[in-house]
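2 protein chains.
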Amino acid sequence: MTETLTAPALAALSALLGDRLVTSQADRTQHGRNETYYPDAPPDAVAYPETTEDVAQIIRICAQHDCPVVAVGAATSLEGQHLPVHGGISLDMNRMNRVLDLRPQDLNVTVQPGLTRMGLNAHLRDTGLFFPIDPGADASLGGMTATRASGTTAVRYGTMRDNVLALEAVMADGTIIRTGTQARKSSTGYDLTHLLVGSEGTLGIITELTLRLHGLPESTLAAICRFDSVADAVNCVILTIQSGLPMARIELLDHMMVRGFNQYAAAGLPEKPHLFLEFHGTAAGTAEQAQGFRDIADEFGAQGWQQATSTEERTALWAMRHKAHYASAALGKGKHIWPTDVCVPISQLAEAVVQAQNDAVALGLTSTIVGHVGDGNFHAGISVDPDDADEMARAEKFTRALAETALRLGGTVSGEHGVGLGKQKYMAAEHGPALDWMRRIKMAFDPKNILNPGKMLPQDH
Amino acid sequence: MTETLTAPALAALSALLGDRLVTSQADRTQHGRNETYYPDAPPDAVAYPETTEDVAQIIRICAQHDCPVVAVGAATSLEGQHLPVHGGISLDMNRMNRVLDLRPQDLNVTVQPGLTRMGLNAHLRDTGLFFPIDPGADASLGGMTATRASGTTAVRYGTMRDNVLALEAVMADGTIIRTGTQARKSSTGYDLTHLLVGSEGTLGIITELTLRLHGLPESTLAAICRFDSVADAVNCVILTIQSGLPMARIELLDHMMVRGFNQYAAAGLPEKPHLFLEFHGTAAGTAEQAQGFRDIADEFGAQGWQQATSTEERTALWAMRHKAHYASAALGKGKHIWPTDVCVPISQLAEAVVQAQNDAVALGLTSTIVGHVGDGNFHAGISVDPDDADEMARAEKFTRALAETALRLGGTVSGEHGVGLGKQKYMAAEHGPALDWMRRIKMAFDPKNILNPGKMLPQDH
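First to last, the sequence lines map onto chains A and B.
To convert, note that position 173 of the first sequence is 309 in our numbering; the numbers rise steadily by one, no gaps.
To convert, note that position 124 of the second sequence is 260 in our numbering; the numbers rise steadily by one, no gaps.
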């Protein structure tokens, strides 16, 4: 396998795409960047497909010339998934961003992969429907599918895994396939849809996706409260989930994260662990749910309850949560943030969070914790100076300790950020002999390893 | 590939299993039977594993001797999935029926595949939790996983796809793998869990499964009502689902099905389409949901509303629904029932159901329709005499027309019964070029084709 774009491949792609194949330094540099701490990795060229047929033809040329192809949407992935570390082509999907077929009567929509989640929700305005998955960033829906994204509402609406009904994809030989149907369920055939969801562009390039939509709740109630300890906050969450209360959002912010908000936005909150909550339903239903939650929270000494139902007040209440990244950066005095995430069984959440806090202190690191704790999923945001080798080494040590904690407690080394470059080293520990069966799939689907080479599956095997 | 058990394989299996390898005519005959219209297909021998290691050793011997292996649990599959049509070994999983690890605090449980859903729910009594998936029969949980089963509660709780968190499986070379973790979500690696769910024993043998559990609803409200036409009933369902009402069950019974109940159990119901409903939640919540439903149903001229909340009254109200199979048989004057199912986008449901009713009349067949209509999924139960070649041919014609209707309307040829033997002929029409990528997986995972050969993937390719 060559790992660069050869002259004949470049000629063939240029003939196909004309000025939609770009080799300028500026475009290449831009497509080699990422939002976190990974070194730049520019592609040899950037292709801008506009149709599925474009993608298929590009892949056929790349297959013929053994040229790597790395799809990219909004480039908001957090483990370097879109970085062309072996060179080749960045397949920029942003021009394929149309809504193809909105079927409100079936509560689903078919879109192109470059459309972002906010773009979709803007399109849905006035339909009474919305697409709830909210990973924070305005990610592309293709990228969210490829990385099995989730976010703050997964506790209620599930992750991308639960909300992708059907896909169109171009496979490594240029074949265009369709997986799934418009029906809500099926028991025919191997589940290729869910094999492609979370495959990080290593098995096929998603060119269309059909998503489940949900009715906008009649009423939304937002609330916050605080606890004396992380254990109290988390044990409140555990009992809430066990009690079956249909939480729409339930987010933990540890005292360091709150300190970040105070420094970033003068939030004036007591520097204690907080829960940020949202309830969806009828007016009577959300009030009943909120009361049910408060009854549980009281047992754990919750204080400072504030709630809101109007859009303005809710937005004000939750505004801070959405600025977690900047607040973490403020806390780190402008350093870079190294984000990492794990997911554990909910019964193990308090132990995992406390362990992470202790590890950060022991390693002399500044780290915030924000968690989609209803799922057992939480993030650490470590302040790092990429030029400080010692600090980077301690951050790496912290990340490894967190991954090992998650595995020891029966969890996974990533609940939503994915594998990309950063979590490959834990794949064998998490998956054991199953990893070989993942490799069989990769070999069967992409024998030349042209689709996002160097991602997901570790090569040291 | 040989398609029988050779003497050396038999010797090796006997040495391993002793009297847990049975070749008696009685056992073989029993393991070659099914509940529907498929001809008997007895295995050459029946193996009774008691541990995962037993399964692994059996598979290793079978791999060495090219001997087919077909796992079977409660043998309630409806498309012949457990029939050893190429001979070899029936792997009877019924002795592997223990609850291995119940974790109420995490709302999940790990069990062996031979445990049935009712067995699990009996074990969960007094925990406040239950496993909601209800396909009707008391199927084994391994079989339900392997066939991606669903049933009456899927509209609220999802299908097996949504409720299997993790698996242990023995692969075609005897390797034991684990997929998934105890965490509620993960974004690491290819989704082998969901590749095995619904693979009908053709990719690996499930030896352990971790299932999500749900809190028993505080209050359950059951109800029935009837409509003047199937279109009215189905349009009521469509609007209900679109409105976001959290239905726990919503079942359509057509006038023929009601006639069956009247003949079988003197139900005394008007022979019109009925909906059977269930609402789960708090007492106030279910009352609110039921009223919300009635407001919609009134628009479609619903009549004869009856509701109940006590266990006894609810059981009485729903008793009929659970006897649909016998009532269909009563209607057919003791003939066999040929069951078939499809699933369509919910907006297409009325058209699909009416088309099916008309096709049955046009073909001179007696058929009932019962549907998990909240999912767009419905069953036809055709009365057939397997010795009447003409009637069997007309039933085949009906089934094909129904499958083609489902595909024309954007649906799938099976929502929950699966492919097995009966739906292979529609796989190419439903999946198109994707079928070749399913074959690649089968080839990569089971190159000798020893795992349930002759199922799922059509051979005429």
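Think of the hints as simulated: they come from the structure by calculation, not from any bench.
Treat the numbers as computed from the prediction; the structure is a model and nothing was measured.
Be aware that one or more of the hints could be misleading.
When chains are identical, the list treats them as one kind, so a pair holds in a single copy or across two.
[To be verified] Straight-line C-alpha distance at most 35 Å; calculated DSBU-like pairs for lysine-lysine:
1) Lys-459 to Lys-533
2) Lys-561 to Lys-578
3) Lys-584 to Lys-469
4) Lys-561 to Lys-584
5) Lys-578 to Lys-469
6) Lys-561 to Lys-533
7) Lys-533 to Lys-471
8) Lys-459 to Lys-584
Consistency of the hints with the structure:
no.: 1; hint: Lys-459 to Lys-533; verdict: within (26 Å within a copy, 61 Å between copies)
no.: 2; hint: Lys-561 to Lys-578; verdict: both (18 Å within a copy, 28 Å between copies)
no.: 3; hint: Lys-584 to Lys-469; verdict: neither (45 Å within a copy, 60 Å between copies)
no.: 4; hint: Lys-561 to Lys-584; verdict: both (23 Å within a copy, 32 Å between copies)
no.: 5; hint: Lys-578 to Lys-469; verdict: neither (43 Å within a copy, 54 Å between copies)
no.: 6; hint: Lys-561 to Lys-533; verdict: within (13 Å within a copy, 55 Å between copies)
no.: 7; hint: Lys-533 to Lys-471; verdict: within (18 Å within a copy, 69 Å between copies)
no.: 8; hint: Lys-459 to Lys-584; verdict: neither (42 Å within a copy, 55 Å between copies)
Hint compliance for this structure: hints 3, 5 and 8 are broken, all remaining hints hold.
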